[in-house]
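Protein chains in written order, with the numbering used here: chain A, 1 to 370; chain B, 1 to 281.
Hints are supplied without guarantee of correctness; some may be wrong.
Said to hold, decoys possible - List time: in silico DSS-like cross-link candidates among lysine-lysine, alpha-carbon distance up to 25 Å:
hint, chain 1, residue 1, chain 2, residue 2
1, A, LYS209, A, LYS179
2, B, LYS214, B, LYS141
3, A, LYS107, B, LYS141
4, A, LYS104, B, LYS191
5, A, LYS74, B, LYS6
6, A, LYS104, B, LYS214
7, B, LYS97, A, LYS102
8, A, LYS16, A, LYS114
9, B, LYS141, A, LYS16
The hints are simulated quantities; they were obtained by calculation from the structure and are not laboratory data.
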Amino acid sequence: MASITLKNIKKTYDAKHTVIENLNLEIKDKEFMILVGPSGCGKSTTLRMIAGLEEISGGELLIGDRVVNDVAPKDRDIAMVFQSYALYPHMSVYKNMAFALKRKHEKQEEIDRKVHAAAKVLELEEYLNRKPRALSGGQRQRVALGRAMVRQPSVFLLDEPLSNLDAKLRAEMRTQLKKLHQDLQTTFVYVTHDQTEAMTMADRIVVMKDGVIQQVDTPQNLYNHPSNQFVAGFIGTPQMNFIDAKLAAESGRYFVCFDAYRIPLPDRMVKARDLADYTGQTVVLGVRPEDFHGEAEYRLKTQRNLIHLPVDQAEMMGAEIYLYGEIGKTPVVAKIPSAEPVAAGDTAALALDMQAAHLFDKRTGDAITD
Amino acid sequence: MHKNLKRYFPVFALPTCAAFAMAFLIPFVMGIYLSFTKFTTVTNAQWVGVQNYITAFTADNNFINALWFTVKFTVVSVISVNVIAFFLAMLLTRPMKGTNLFRSVFFMPNLIGGIVLGYIWNLLINGILSYYGVDITYSAKYGFWGLVVMMNWQLIGYMMVIYIAGIQNIPGDLMEAASIDGAGPVKTLFKITIPMVMPSITICTFLTLTNSFKLFDQNLALTAGAPGRQTQMLALDIYNTFYGKIGWQGVGQAKAVVFFIIVAVIAFLQLYLTGKKEVEQ
């Protein structure tokens with residue numbers, strides 16, 4: 001059991017190529033921390049530095065209170081699950097799982113006990129004598145987890161472990177992984193580019209872009225209070241809508257004006273920050289698709305927030321329906337209950353839930369209101 | 001279209017089949033037949049049963065000696081060529097400068113023909129031995145090690161290329177997983193690298209084994225069997241029996257058949273044994 005601290009971590013491949021400039025992060029003991037971001041954002045590199053598979057170019061990495069910059073991977077008390085599973089193809093499932101324990105010269109009975117215990121948890125007992133090639137993707141994945149589990153490491157590192165599985169299995173494994181984390185009571189550091197995985201499993205999420213941490217927070221907070229436009233766009237599907245709008249002030253009240261609309265800002269936003277600096281300027285209004293409301297009773301309550309969306313395309317998703325259209329020239333997606341009778345070609349009257357909306361600085365992308 | 005083509009299958013296959021039959025199959029069968037005859041030309045042959053085989057083994061010790069010498073030479077060469085080639089491949093798959101240059105240089109000896117190579121090494125080795133007042137034919141020991149060195153020099157580069165391909169095929173994260181699992185360099189070599197390059201080991205062992213066993217040009221050029229017939233290998237002995245003694249063609253032919261059987265059995269045995277250890281990924 002251990003916390004992980006990254007202090008001013010830097011990673012360069014050569015003089016010109018800097019992947020991570022200055023990364024600071026504290027992962028608490030027993031926490032399920034997920035690093036998420038688009039490809040090339042440095043999340044895998046960060047994980048590999050924690051594992052000791054990549055050299056650290058600058059800064060300090062601590063596991064527990066021990067600086068491990070120059071400690072070999074095997075001595076860091078970590079276990080890693082790879083995207084490709086990296087199972088030893090010439091060894092049986094049993095030998096794959098026992099490999100690390102054998103290297104530690106543990107007693108045969110002890111190895112036997114641990115392997116069987118892990119196999120039981122992961123429902124692999126009947127496959128122990130099989131070679132990896134005789135297993136399905138999901139089973140291989142569980143062997144990879146088992147190989148990490150038997151070592152009882154203080155830190156689990158997982159590098160996109162679910163991305164080779166099909167969608168149904170992936171959803172199943174998410175639940176299993178979460179349960180595993182609760183049972184093992186160990187620190188998990190998990191890398192993925194899939195924000196759904198991050199949202200469903202993590203205690204906290206690190207959103208990264210271009211080697212820079214954008215925000216570290218709980219899934220709930222990331223969703224409700226993104227610190228910038230990137231995080232707002234990255235978390236949540238379909239993506240948050242961004243509409244360029246002019247901020248106007250009139251006798252102490254603020255409005256966002258776009259297309260033909262002039263929508264008042266709620267008190268929550270106005271109180272959060274002095275908006276005077278932005279008056280008359282273009283800001284970015286962020287509205288999540290589910291914050292468009294097509295229900296009649298909602299529309300009646302919020303007449304002033306009403307917009308009319310010409311629907312180019314309507315996607316039936318079951319419980320919801322996705323409406324695609326344009327406001328001005330900006331493409332917009334709205335997600336409304338499928339009970340609403342809307343079809344492509346209609347113009348949908350939708351009310352914006354401004355309480356849940358966000359404003360971003362047009363130039364920096366930073367959130368103006370939380 | 002497909003059916004039409006199928007009808008012409010014999011027409012397309014015939015030239016190759018005919019060539020194969022003429023150049024390989026018919027001589028092979030005739031060769032076996034001739035080993036049971038006393039002959040001067042293929043049409044002038046007299047059936048003598050297994051007499052040629054008895055003569056081959058009993059008339060003198062040449063064949064047995066050559067066989068024993070060939071076996072010793074093959075064992076030493078197969079081990080040394082493969083071990084050295086493997087470690088060179090390990091070295092040259094590390095990230096360092098100039099690996100391509102080294103790979104090319106190590107491969108080059110392979111481009112030189114056997115006879116030329118034999119004479120070059122004859123000159124080199126005799127040049128050194130002359131300091132001690134002897135030459136390569138002074139002792140069978142010199143001839144033996146001379147042949148081993150030359151064989152290594154010629155084959156290592158080629159085998160190295162095959163091993164490099166094998167090593168580069170091992171997924172990187174397998175090595176990383178091993179390093180996290182606590183395997184040091186030696187354990188990684190024996191538990192991961194070697195099992196993973198088993199296909200390369202199979203093919204390289206096969207190539208070195210058969211090449212060493214069948215060695216002829218280099219043997220002829222380097223020592224020609226001297227001193228006496230002590231460094232004469234099987235192929236050279238067969239050649240000398242066939243062309244060296246009038247009326248012994250049948251005996252030479254019988255030796256060649258025995259030689260074929262030995263090489264075939266060893267090669268199949270080896271492919272079976274190493275092939276069993278290969279794994280699919």
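The hints, checked one at a time:
1. LYS209/A <-> LYS179/A: Violated, at roughly 29 Å.
2. LYS214/B <-> LYS141/B: 20 Å, holds
3. LYS107/A <-> LYS141/B: Given pair LYS107/A, LYS141/B is violated - Cα atoms ~50 Å apart, limit 25 Å.
4. LYS104/A <-> LYS191/B: Distance ~15 Å between LYS104/A and LYS191/B Cα, so the pair holds.
5. LYS74/A <-> LYS6/B: Distance ~61 Å between LYS74/A and LYS6/B Cα, so the pair is violated.
6. LYS104/A <-> LYS214/B: 47 Å, violated
7. LYS97/B <-> LYS102/A: 36 Å, violated
8. LYS16/A <-> LYS114/A: With Cα atoms ~47 Å apart, LYS16/A and LYS114/A exceed 25 Å; violated.
9. LYS141/B <-> LYS16/A: 59 Å, violated
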